[in-house]
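Enquirer: Spelled out, the chains give:
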Amino acid sequence: MSKQGEGRLYDEKDLTERLKNGEEAAFETLVKAHQREIYHLALKMMGNHDDADEVTQRTFINVYRKIATFKGKSKLRTWIYRIAVNQAKNRFRERSRTAGLPEEFAPADPSPPVTQMLEQEAMRSLLSRAIAALPHLQKAVVSLRVNEQLAFSEIAAIVGCSTGSAKVNYHHGVKRLREMLQAHREREG
Amino acid sequence: MNKSMQCKEVSDLLLDYIEGESTPELSERIRAHLKACERCRREEAEMRDLISEAGRASDAEPSPGYFEYLYPRIKARMQEEGLPVGSPAIPSTAQRLRDVLGGWHLAYALASFLIVAAAVVLTIRIVDTGPGPGGAGEVELAATTSADPWHDAADIVEDLESEELTQVAALLSDEVYKTAGSLLEQEEEDGLLSLSTQETLAGLETWQIEQLAEELELDYKASS
Chain A
1 MSKQGEGRLY DEKDLTERLK NGEEAAFETL VKAHQREIYH LALKMMGNHD DADEVTQRTF
61 INVYRKIATF KGKSKLRTWI YRIAVNQAKN RFRERSRTAG LPEEFAPADP SPPVTQMLEQ
121 EAMRSLLSRA IAALPHLQKA VVSLRVNEQL AFSEIAAIVG CSTGSAKVNY HHGVKRLREM
181 LQAHREREG
Chain B
1 MNKSMQCKEV SDLLLDYIEG ESTPELSERI RAHLKACERC RREEAEMRDL ISEAGRASDA
61 EPSPGYFEYL YPRIKARMQE EGLPVGSPAI PSTAQRLRDV LGGWHLAYAL ASFLIVAAAV
121 VLTIRIVDTG PGPGGAGEVE LAATTSADPW HDAADIVEDL ESEELTQVAA LLSDEVYKTA
181 GSLLEQEEED GLLSLSTQET LAGLETWQIE QLAEELELDY KASS
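Line by line, the protein sequences give chains A and B. Numbering follows the numbering used here, with no gaps: position 70 of the first sequence is 70. Numbering follows the numbering used here, with no gaps: position 43 of the second sequence is 43.
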């Protein structure tokens, strides 16, 4: 038994085989086991519910579509995350093409009522927007590290870079978040 | 070796320390500095707080029932898209090719496929841009278009065995495709034609595009 999700356990090898055989119950198990983590990763990367929902759906559809190509060289979860990160990147491209926005820009509400929120909620809201505004690779690395506490080697396998590059991008991402937070605090006095 | 550290040095290494990525010796030195320096302790606390809060940011649950109905929604969408859940998984394109080809034949087939895919995207891009003020020399081979060939190619490459990937990379490693070829070799291990490789393919020099266009007999001139 290797993975827990929504309170149930499954054997990864067995589930993969069942998925390859097109067993519907296996697909449902997979979706329900991973839907929360994929949705929250997508939400962090996209910055809004609608896009996160779209990325989540596309991720699972692609998992089903491509399961025949999964050879078990990585963990199933790593593979699913990699699909999710690529789907988020594709979604950004689509949006930037239709809206004429730079690809790395995450449209976020420019003036949420931060001052009316509790301090902690305000910080989370600010951080949420700040993460969504990071360049794509930094955003993916930071989200996978702070949300899922994945090892840098696993993150590297998901985003398709070296472990060293994952660490560097994490450093740059956190540094950028810190700068954004400090700038915000200075503005707020 | 046990020289005391400066605040700037600690600040630069703090994130590695917090993430448990420092060597034991370095961690010990950082710890010693933190013990004596209130400013750096404050910075450490802020950093830990930032990481912790960043982990909770966007953790807000979607509307009630969202996760309960996500699977039925995905299932219905797949039905609409002609991919009903419950049907046996479709063998990958690479597997189907492997069944009828194999070895170098598969590599040749895929290399040809990638070249044709590049040509299709190139054609689309040229049609999209037309002769602009910058002249056709500004035209780039754009993998970011919605051209399906890239996705098809990525699907195939994803399922190749290492040896097959090497063969494809070798075939692609001629003058025009040397960049893509080397990247394909790098990606041999995880067998994924990543977006970065697609972007590299997209980043071919104008003269390479011209050469490719000439080889494929496309009606394209870089300078008009």
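Mixed in with the good hints there might be a few duds.
To be clear about the criterion: a stretch of chain A counts as covered by chain B if any three or more of its residues have a C-beta under 8 Å from a C-beta of chain B, and this derived list gives those stretches [claimed, not checked]:
| # | segment |
| --- | --- |
| 1 | 22-30 |
| 2 | 35-46 |
| 3 | 53-62 |
| 4 | 176-182 |
Since the hints were made in silico from the structure, they are not lab data. In this text, a Cβ means the ideal position worked out from N, Cα and C, and glycines have one as well.
Enquirer: Now tell me, hint by hint, if it's right for this structure.
Expert: Consistency of the hints with the structure:
Here the segment 22-30 of chain A counts 5 residues with a CB under 8 Å from a CB of chain B, which clears the bar of 3, and the coverage holds. Counting residues of the segment 35-46 of chain A whose CB falls under 8 Å from any CB of chain B gives 6; the rule of at least 3 is met. Given as covered by chain B, the segment 53-62 of chain A passes the check, having 5 residues with a CB less than 8 Å from a CB of that chain where 3 are the minimum. Restraint check on the segment 176-182 of chain A versus chain B: 3 residues with Cβ-Cβ distances below 8 Å, three needed, restraint holds.
Every hint, counting from the list given before, is met by this structure.
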